[in-house]
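Start from the sequences, fold in the hints, and give me the full structure.
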Amino acid sequence: MSKTSVQVGRVIWVNGPVVRARGSQRVGMLEVVEVGDEHLVGEVIGLELDIITIQVYEETSGLHPGAPVYGIGMPLSVELGPGLLQSIFDGVQRPLPVLKQRSGAFIGRGIKTTPLYRKQKWAFTPRVEAGDVVQGGTILGVVPETLLIEHRIMVPPDVSGRLTWVAPEGEYTIEEPIARLTPLNPPYEGGSPPSTSPMEGGQRGVSGERALTMFHRWPVRRPRPYRRRLPPSELLVTGQRVLDAFFPLAKGGAAAIPGGFGAGKTIAQHQIAKWSDADVVIFVGCGERGNEMTEVLQEFPDLTDPRSGHPLMERTILIANTSNMPVAAREASIYTGITLAEYYRDMGYHVALMADSTSRWAEALREISGRLEEMPAEEGYPAYLAARLAEFYERAGYVTTLNGAPGSVSVIGAVSPPGGDFSEPVTQHTSRFIRCFWALDKALASARHFPAINWLESYSEYVGEVSDWWREQGHEDWHALREQALEILQRENRLQQVVKLVGPDALPDDQRLILETARLLREGFLQQNALDEVDSYATIEKQMRMLQIILHFHERSVRIIAKGCPIIVIHDLPIVNTLVRMKTTVPNEQVEQIDEIWKALDEQMDQVKKDYM
Amino acid sequence: MEIAEYGGQEVAGVARVEGPIVVVTGLGNVGYDEVAEVVDSQGRIRRGRVLEVGEGVAVVEVFAGTIGLSIEDTHVRFLGRSMRLPVSTEMLGRVFDGLGVPIDGGPEPLAERWADVNGQPINPTARVYPRDYIQTGISALDGMNTLVLGQKLPLFSGSGLPHDQLAAQIVRQATLPLSEREGGGGGGRFAIVFAAMGVKHDVAEFFRDSFAASGALTRVAMFLNLADDPPIERLVTPRAALTLTEFLAFERGLHVLVVLTDMTNYCEALRQISNIRGEVPSRKGYPGYLYSDLASIYERTGRIEGSNGSITQLPILTMPNDDITHPVPDLTGYITEGQIVLSRELFQRGIYPPIAVLPSLSRLMKDGIGEGHTRADHAHLSAQLYASYAHVHDVRALASVIGEEELTSVDQRYLKSGQAFEREFVGQGTTENRTVEETLDTGWRVLSILPREELTRVSEEEIAQYYNLPPRGGD
Numbered sequence: 384m385s386k387t388s389v390q391v392g393r394v395i396w397v398n399g400p401v402v403r404a405r406g407s408q409r410v411g412m413l414e415v416v417e418v419g420d421e422h423l424v425g426e427v428i429g430l431e432l433d434i435i436t437i438q439v440y441e442e443t444s445g446l447h448p449g450a451p452v453y454g455i456g457m458p459l460s461v462e463l464g465p466g467l468l469q470s471i472f473d474g475v476q477r478p479l480p481v482l483k484q485r486s487g488a489f490i491g492r493g494i495k496t497t498p499l500y501r502k503q504k505w506a507f508t509p510r511v512e513a514g515d516v517v518q519g520g521t522i523l524g525v526v527p528e529t530l531l532i533e534h535r536i537m538v539p540p541d542v543s544g545r546l547t548w549v550a551p552e553g554e555y556t557i558e559e560p561i562a563r564l565t566p567l568n569p570p571y572e573g574g575s576p577p578s579t580s581p582m583e584g585g586q587r588g589v590s591g592e593r594a595l596t597m598f599h600r601w602p603v604r605r606p607r608p609y610r611r612r613l614p615p616s617e618l619l620v621t622g623q624r625v626l627d628a629f630f631p632l633a634k635g636g637a638a639a640i641p642g643g644f645g646a647g648k649t650i651a652q653h654q655i656a657k658w659s660d661a662d663v664v665i666f667v668g669c670g671e672r673g674n675e676m677t678e679v680l681q682e683f684p685d686l687t688d689p690r691s692g693h694p695l696m697e698r699t700i701l702i703a704n705t706s707n708m709p710v711a712a713r714e715a716s717i718y719t720g721i722t723l724a725e726y727y728r729d730m731g732y733h734v735a736l737m738a739d740s741t742s743r744w745a746e747a748l749r750e751i752s753g754r755l756e757e758m759p760a761e762e763g764y765p766a767y768l769a770a771r772l773a774e775f776y777e778r779a780g781y782v783t784t785l786n787g788a789p790g791s792v793s794v795i796g797a798v799s800p801p802g803g804d805f806s807e808p809v810t811q812h813t814s815r816f817i818r819c820f821w822a823l824d825k826a827l828a829s830a831r832h833f834p835a836i837n838w839l840e841s842y843s844e845y846v847g848e849v850s851d852w853w854r855e856q857g858h859e860d861w862h863a864l865r866e867q868a869l870e871i872l873q874r875e876n877r878l879q880q881v882v883k884l885v886g887p888d889a890l891p892d893d894q895r896l897i898l899e900t901a902r903l904l905r906e907g908f909l910q911q912n913a914l915d916e917v918d919s920y921a922t923i924e925k926q927m928r929m930l931q932i933i934l935h936f937h938e939r940s941v942r943i944i945a946k947g948c949p950i951i952v953i954h955d956l957p958i959v960n961t962l963v964r965m966k967t968t969v970p971n972e973q974v975e976q977i978d979e980i981w982k983a984l985d986e987q988m989d990q991v992k993k994d995y996m
Numbered sequence: 003m004e005i006a007e008y009g010g011q012e013v014a015g016v017a018r019v020e021g022p023i024v025v026v027t028g029l030g031n032v033g034y035d036e037v038a039e040v041v042d043s044q045g046r047i048r049r050g051r052v053l054e055v056g057e058g059v060a061v062v063e064v065f066a067g068t069i070g071l072s073i074e075d076t077h078v079r080f081l082g083r084s085m086r087l088p089v090s091t092e093m094l095g096r097v098f099d100g101l102g103v104p105i106d107g108g109p110e111p112l113a114e115r116w117a118d119v120n121g122q123p124i125n126p127t128a129r130v131y132p133r134d135y136i137q138t139g140i141s142a143l144d145g146m147n148t149l150v151l152g153q154k155l156p157l158f159s160g161s162g163l164p165h166d167q168l169a170a171q172i173v174r175q176a177t178l179p180l181s182e183r184e185g186g187g188g189g190g191r192f193a194i195v196f197a198a199m200g201v202k203h204d205v206a207e208f209f210r211d212s213f214a215a216s217g218a219l220t221r222v223a224m225f226l227n228l229a230d231d232p233p234i235e236r237l238v239t240p241r242a243a244l245t246l247t248e249f250l251a252f253e254r255g256l257h258v259l260v261v262l263t264d265m266t267n268y269c270e271a272l273r274q275i276s277n278i279r280g281e282v283p284s285r286k287g288y289p290g291y292l293y294s295d296l297a298s299i300y301e302r303t304g305r306i307e308g309s310n311g312s313i314t315q316l317p318i319l320t321m322p323n324d325d326i327t328h329p330v331p332d333l334t335g336y337i338t339e340g341q342i343v344l345s346r347e348l349f350q351r352g353i354y355p356p357i358a359v360l361p362s363l364s365r366l367m368k369d370g371i372g373e374g375h376t377r378a379d380h381a382h383l384s385a386q387l388y389a390s391y392a393h394v395h396d397v398r399a400l401a402s403v404i405g406e407e408e409l410t411s412v413d414q415r416y417l418k419s420g421q422a423f424e425r426e427f428v429g430q431g432t433t434e435n436r437t438v439e440e441t442l443d444t445g446w447r448v449l450s451i452l453p454r455e456e457l458t459r460v461s462e463e464e465i466a467q468y469y470n471l472p473p474r475g476g477d
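For the record, the sequence lines run as chains A and B. First residue of the first sequence: 384, per this note's numbering; consecutive thereafter. First residue of the second sequence: 3, per this note's numbering; consecutive thereafter.
By construction, these hints were calculated from the structure, which means they are not laboratory data. For glycine and all other residues, C-beta sits at the position ideal for the given N, C-alpha and C. Do not take every clue at face value.
Taking lysine-lysine and the DSS-like style, the derived pairs with C-alpha atoms no more than 27 Å apart in a straight line are [as the list claims (entries may be wrong)]:
| no. | chain 1 | residue 1 | chain 2 | residue 2 |
| --- | --- | --- | --- | --- |
| 1 | B | K368 | A | K825 |
| 2 | A | K825 | B | K418 |
| 3 | A | K993 | A | K982 |
| 4 | A | K946 | A | K993 |
| 5 | A | K946 | A | K992 |
| 6 | A | K825 | B | K286 |
| 7 | A | K483 | A | K504 |
| 8 | A | K825 | A | K883 |
| 9 | A | K483 | A | K495 |
| 10 | B | K418 | A | K883 |
| 11 | A | K982 | A | K946 |
| 12 | B | K418 | B | K286 |
These stretches of chain B come out as covered by chain A in the derived footprint (C-beta under 8 Å, 3 or more residues) [to be verified]:
| no. | segment |
| --- | --- |
| 13 | 282-292 |
| 14 | 330-336 |
| 15 | 382-392 |
Pasting the structure below:
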């Protein structure tokens, strides 16, 4: 926090991360304060006459009544500008590598640092000229932030006016002015309400002229404005077959991955972070394991983006609040993440935000609420849990930005229900605000069927919306294939109930064929090995070819069995094994190999047909 | 554990005593989480800690309990700092109480430095991702749930199950990966920290004897809060133990294996304090911050940059009523890097170790095995064993309805392989120490009972190499 602080009160009560102070009545709700001699960062969460209730983002051990409280005069905000990508921040946007320099391997307290590095020079190319009238969202110029992402420097949303000066092409730090403008009346256009907080896009000069720099601040709890919302209609390609083909998430949509521990939430999230076709990926590790963040940190720089060939880290921002880091910062980390996501959306990018896990965030709410002695609703959670979840998921969306470009934020929230029981409050409330539900199943995980996404319990309401997209990609049959495959799997489920009672041998052959095809679908299509080089990611081309050939196998088998061929003959065909293994044997770049398999399939079927005609 | 220091403040005003908590009034500057010494009418000192402070008021938990404290004659001294433990290498080979005070009759160890028992969170950017496996000699672990140096892997057990034997066997047989052995001169870099919370004397004795039998006693530090010790003290025991552990691992470069038993007792002490303070409970009366509190223990594990040492945690917890969805195992499973689940059913069938393979998991296994670590076929083999064994359970359910004779011949082979898996792969002697190769070959023998076509998780090449291996011993 670079702002100068003034003392606003004194501590009167401490209970873990919740602190009460007595002091000035001019402190605002959700304003950032610094507590005690160590200047621990906190946020005002309650005001009653002269009593200020504060949640502190750092460990409060040793804090005592009488300690000073300083006001910053602004709400909890993030810095938005070049240098965000490839960074790893804590829940309140402090860069963890800087904390490491200052306090070593263990995170110390009261460390003040700026989120963005001030000294780095960025190559700025202007896109506007002096005299232009600009408003919130107008792109002033561009900076190559990484090889993958061009950072578009925008006028802060609540600023507009006529440019009096624009910096020439050159290298600047984020604090140097790159443009000056004089405000026009009326100052606000579009849907953006006047800001009540001092946003920093630069400083106001005496003449009313305002300097703009390459970064500005934005309060995390306030959604960034856009021009209008559009219906989500494009598939967020994840390269994960069960998701793309069966339960698609649209760009700008919201999905939840609920599952008990060990069901594979984290690997599923990592896979989407690695392979999805979002331009920018923001990964919020919220109350999870330290080693998992380390794994991402060590693995992502070595992974290359399948589309551009550049390291994946160049499009990634990590926010880490591990389970033993202060609980209040965990509550903030989700908002920090989504605000960064909206910022890149405003540049016209498609952003995917993973939050692992939203349950930890909800528990942080519960912990703070408990210490405030609020009346609990279900299972000790505060009554406003549902409202907070709704607010968060509603920040996902496909929009036309203030500068007219399309952009989107897709949100994928992991949910960790206690005991894997989906009837608990966080899962239940979440499912009301998302439209894509990827239910993880402990039984599948135990059998090492990964991703352990249960095809009977999961759903996607985006199926209708993305059908046109599939058609545009030349896969008119996607919808039909999906329906067929899901139907076979559903019939298998019903048949399995019978099999459990009488064994598979008692079934007629046409029903046993359903079991056989369903096995092919499960083992050959739905199961996807994240650790296998070939199988980790499947192009939509490969996904469709795989689905087509499995269903082709089914159709041909149905006809042959109708002719009286016993199922065992089909079961023993060598092609069955080939189909199970094609996910790992056919590389994405050589999907035409499936044509060969197709030919072999037809030949073997023709032979069987000949034998039984 | 604390050396009496001056500079704190002493007050007489105890206003309320309730369970293990005293409320002290008439104070000046007392900080949250500060250490207190409660002095009774006879001048005896009990240690405590500040849970909440207001203006002139502090809520203090007294570890030894409040029996015999009176409002009138009790003094409370605040030490002006949070709880600290003296740490030094010479604490290895010693026995301490739950707060870290020696109880083996020896002198106070000389402190190399004092460390805050609460520790501090490790910066994720300073962690080194654990990749080196530990050979435990136990097939169900090495083959299916490989333990990795720097991992936290709890044992989920039930009362009466042999979790103590298993933990002791793991500690006894744990062998560092080759790279680490070469790096630092054999067993000299190995240490064990044992923390008992509310377990019986016999259990502590059992571990002690087991460490003694393997000649490791000089490399073990024991922190004992036994069943008849004050329950509130348990809240400090794992933290004291981990404070020493962090010093040994990160400042002295040792590979420390930490055994924490029994975490369920710890959580019950936490619930007790929470209930007395009238906090809003979440599930089963446990406080809403149980997750964060457990995380502050379990996350003190791993490896960090700039240090050769490591911390590997083996917490043991008994699941009340064998219920894995109980809040203690449930929240633990969300924090730890997997779990080893013991099965009463296997135990009753006489299989040791009775590890229920299907619900067990080692999250760090994937990076610690395979070529250059164990063997190239390891990942596929274990995936195949998991998948086949999961099918065995379906077949058994079917057989119980229609009878074994009615099963298809393939399913009958599944039954046979399931038997072999439990008896020969999972089952082994309490002192049997298998190499990873032996474990993997045994796995292949179990799979060879099944027809080749059923093995879809392993590659054709692997089948060619390992399917139908000759029986062990060869001659």
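**Asked** Does the structure break any of the earlier hints, and which numbers would those be?
**Response** Hint 12 is the one this structure does not satisfy, whereas the remaining hints hold.
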